[in-house]
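Trainee: Each chain, letter by letter, is given below.
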Amino acid sequence: MEVFAVIQFPGSNDDRDMRFALKSALGVDARLVWHKERELPPGTNAVLLPGGFSYGDYLRCGAMARFSPIMAAVMRFAAAGGPVLGTCNGFQVLCEAGLLPGALLRNRGLDFVCEWVHVRVERAAAPFTSRARAGQRLQLPIKHGDGCYFAAPDELARLEAAGQIVLRYCAPDGSLDDAANPNGSAGHVAGVRNAAGNVMGLMPHPEHAAEALTGGTDGLVILGSLADAVGAAA
Amino acid sequence: MSARREPVVDLALAREHGLSEAEWRRILEILGRTPSFAELGIFSVMWSEHCSYKSSRKHLKTLPSAGERVLVGPGEGAGAVAIGDGLAVIFKIESHNHPSYIEPTQGAATGVGGILRDVFSMGARPIASLDSIRFGPLEEPKHKMLLRGVVHGIGGYGNAVGVPTVGGETTFHPCYRGNILVNAFNLGLVEADRIFLGQATGIANPVIYVGSRTGRDGIHGASLLASAEFDDRTEAKRPTVQVGDPFTEKCLIEACLDVMRSGDLVGIQDMGAAGLTCSSFEMASRAGTGIEMDLDRVPQRAAGMTPYELLLSESQERMLLVARQGAEERVRAIFADWDLEAVVVGRVTGDGRMRVRWHGETVVDIPVDPVAQSAPLYDRPLRAPADLGERQKLDLASIEPESDPLGALEQLLDSPNLGAKHWVWRQYDSLVQGNTVVGPGGDAALVRVKREDGVATRKALAMAVHCNPRWCWLDPRGGTIAAVAETARRVACSGARPLALTNCLNFGNPEKPEIMWEFAEAVRGLGEAAEALGTPVVSGNVSFYNETAGVPIHPTPTVAMVGLLDDVERHAVSAFPTAGLAIVLLGETREELGGSHWLQLRRGREAGLPPSVDLAHERRLHGLLADAVANGLVRSAHGVSGGGLAVALAECCFGSSIGARVALGERLRLEALLFGESTGRVVATSADSGALLARARAAGVPARRIGETGGRRLVIGAEERPPWIDADLASLAAIWTRAIPRRLEDS
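The listed protein sequences derive, respectively, from chains A and B. Counting with our numbering, you get residues 98 to 331 for the letters of the first sequence. Counting with our numbering, you get residues 2 to 748 for the letters of the second sequence.
Possibly wrong hints are sitting among the right ones.
To be clear about the criterion: a stretch of chain B counts as covered by chain A if any three or more of its residues have a C-beta under 8 Å from a C-beta of chain A, and this derived list gives those stretches [what the hints assert, rightly or not]:
(1) 335-346
(2) 418-431
(3) 558-568
Below, a sample of chain B positions facing chain A; criterion: calculated Cβ distance under 7 Å [unchecked claim]:
(4) 26
(5) 29
(6) 156
(7) 248
(8) 435
From chain B, some residues computed to sit far from chain A (all C-beta separations above 12 Å) [to be verified]:
(9) 386
(10) 498
(11) 602
(12) 701
No wet-lab data here; the hints were simulated from the structure. For glycine and all other residues, C-beta sits at the position ideal for the given N, C-alpha and C.
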């Protein structure tokens, strides 16, 4: 059976929630992997970096976690083409580790924001968005204080041209208006991937949109795509 | 016995420590000698109002605290209640008022941290937080700052520690101008046979210190800050407020839960108020043992700390553990995995004494029980306030009728007390842990029960926190009964059955007979209501001395109720779920305007007797709701509270942008009909109102169909006349949504 490794840093908060969503909604064998490990579990097919406040995020968010022992193994896994998905703090860690372009800054309004938002799928492709169609709107929750995506204008244009911008914050009808950009992200970017396409980060929490009982199931479009990609969907 | 340069210990010094002359004499009697400086510090904190409950205990012991589900009642860190399937919930609410006024962000943050430790120290994983916060008028810059700071503190700590803040209340009144209130609630989940208690059993077992190092912060936070009134020197007490570190707390939660699973733990307690002193004395006292401790082994943040400082520091994120002998290395390794220190600082002894050594000399040698259990108890004099009759006087005939019902509704929705609280909630992570079925803004928060191994159950916990301080000021007993009834009603609106409650009693200076009378009356009401509703009081906290320059706050007995829902798939929400449903009003509207928001906002008066509460009716109503939600007859349910029926209907519309047409038939004053705050009422919707009305009749609950959902307008009238209110929902919602943000923007 396929193995999904959910990395557990000290201060990770959504690690168990990610495991629950993968197991209960998709039947995936998801395991928590402690950050002090030096190797991923044998046969790991996908790596997830969960949300939270790794090391308290007292320095820049994610800046400490990238130095955890397990990250060397995650880098090797990514370099070999293995799929790596970072959500919220996990996205911040991937940017700090240089696996994804750009950086995440303090929200435009300075306050922490917890709310359900709409995002538009800009690119429907394996391994993260194959279950979506381009232009599809998803309802997902965000909950972060440092989610304002930043990339210099020329880099943003390059990412756009290369199809690396995967999700954008949008209004319910899919339009990109400023009021629907909850944190002031450049280009409304909510999720990006690397050039090779096997590493993605997003600020919204797909694992918190995996059950109708707790608000919706649109997150399974992303997590389910990943499961499909490695042949793990039950 | 001390050769260091320390102050001379005498009556004058004891007085500076907040001890009375009688208390000083008692200390001399217990010891048979003059205490050392460190010992004086110990007595002063252990016998402070905050730690000893010396003014309140006589009253608190009258509260009903037992019940077939109650596993642990008052006296431990928090109360524990069985919820079936071998599981239990542990919960408590606690104040952090004075520190939050002095330093709002850290004061509120450490309030959250403290209540979390009370819960996880009993073996439970904290799964939901609520808070009840109260400020002075939001028009005042100081209170805008305090609101921002407190919300940042609660969010900053709760979000980082990974415990969702799922609800609460935020209110404003001039009586909190000099004393804001920050009451933090937490609930944890535990296997019922794995509850840990704060006890130091087993002679020679190691006493282990874990968590953050001890610094000079917070010395006398509890005894001086929380046990005296504020005055113009309060700002100078800022250094007694500690700084919270949610990252250490998060690691501490996980490491403590790990060590509890290991089987090596005997007892555990938070080092909260009065730090190492309070935790060690209480643990030894509960077990009937003693402890010998070496202060040189305590991890220290600053150099040269004295025994007095080490014993009284209130540095945050520290726990005291007693483990099985021989398990020291295993315990150390578990904490090391989380990069936390775990140091053996002492051993349990059998002689009932606390012996503390420092630099090779004995600095404390005192019997445990007289300090921990024989704090002086006071039966303080009670006297009804001289102006009580004046407060309660209200001649309705002299109150000018409302000529503009829509204008009144708009003014109520625009008030910070009744306006939307989204500005507050969106700064809290209400979703982490993935169990939030109903988050902030519902009548009660509803949290699905997921076992520690990650398996979801069908059960859910409903919880609500509330108090109407104006009602308690007009009638402390009646207002407290109403607070219990309201929290139970909110829990019942979700379909859950109220189980048990916790409370935080915020009052002025208990040395004043009028304040003590208010307190005694409130406790009487709390007991009566808890008894009548079958919801025992399993934990609680008292916060006295909430006064500044002699001006007390309104009595504020904050009540937090917890209920159990057996099938989470069958729950009700507050907002209208769809168009085309019948709206049914459960309960009766009476001609009651005393203490109402309408009277205060539209006529500038806070007077009269608050609405009456019929506890037998409440209990029938709660039973009806549980049954009707379970069998699908009730689709949504929202309790009628501040602002009355008109505001309640508007709130039901706002949640889903579905309008309503309502016709009210009662022959009452218009103000009472629309804006009166009669208790025991719920706005419910049903697809089969005939069946619901029949069931209500059978249950003995008055009920009538008052309208139906649909459209984009809220229309409230009577039959055969033009409506009193006919308003576009979007414009009403805009007023309601902007109530708090617009006031914060005009600074």
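Trainee: Once the shortest beta carbon distance from residue 435/B to chain A is found, is it less than 7 Å?
Mentor: Where the cut-off is 7 Å and the nearest Cβ of chain A is about 4 Å from residue 435/B, the hint holds.
Trainee: Hint residue 248/B vs chain A: min CB-CB distance below 7 Å?
Mentor: With a minimum Cβ separation of about 3 Å from chain A (threshold 7 Å), the hint on residue 248/B holds.
Trainee: Hint check: is the beta carbon of residue 26/B less than 7 Å from a beta carbon of chain A?
Mentor: Result: violated, 48 Å to nearest chain A Cβ.
Trainee: Taking the closest Cβ pair, is residue 156/B under 7 Å from chain A?
Mentor: With a minimum Cβ separation of about 5 Å from chain A (threshold 7 Å), the hint on residue 156/B holds.
Trainee: Just want to verify: residue 386/B was marked as not at the interface with chain A; is every Cβ pair farther apart than 12 Å?
Mentor: 41 Å, holds
Trainee: Can you take a look at whether the region 418-431 of chain B is actually covered by chain A? Rule is 3+ residues, C-beta closer than 8 Å.
Mentor: holds (count 6)
Trainee: Closer than 8 Å Cβ to Cβ for three or more residues is the test here. Does the region 558-568 of chain B pass it with chain A?
Mentor: violated (count 0)
Trainee: Please verify the coverage claim for the region 335-346 of chain B: does it have three or more residues whose C-beta sits within 8 Å of some C-beta in chain A?
Mentor: Answer holds; 3 residues pass the 8 Å Cβ test.
Trainee: Are all C-beta atoms of chain A more than 12 Å from that of residue 602/B?
Mentor: At about 29 Å from chain A, residue 602/B clears the 12 Å cut-off, so the statement holds.
Trainee: Taking 12 Å as the cut and beta carbons as the points, is residue 701/B off the interface with chain A?
Mentor: 33 Å, holds
Trainee: Are all C-beta atoms of chain A more than 12 Å from that of residue 498/B?
Mentor: Since the minimum Cβ distance to chain A is about 20 Å, residue 498/B lies beyond 12 Å and the statement holds.
Trainee: Against chain A, with CB atoms and a cut of 7 Å, does the hint on residue 29/B hold up?
Mentor: Residue 29/B check fails; min Cβ-Cβ to chain A is 47 Å, beyond 7 Å.
Checked against the numbered hints given earlier, this structure breaks hints 3, 4, 5; the rest are met.
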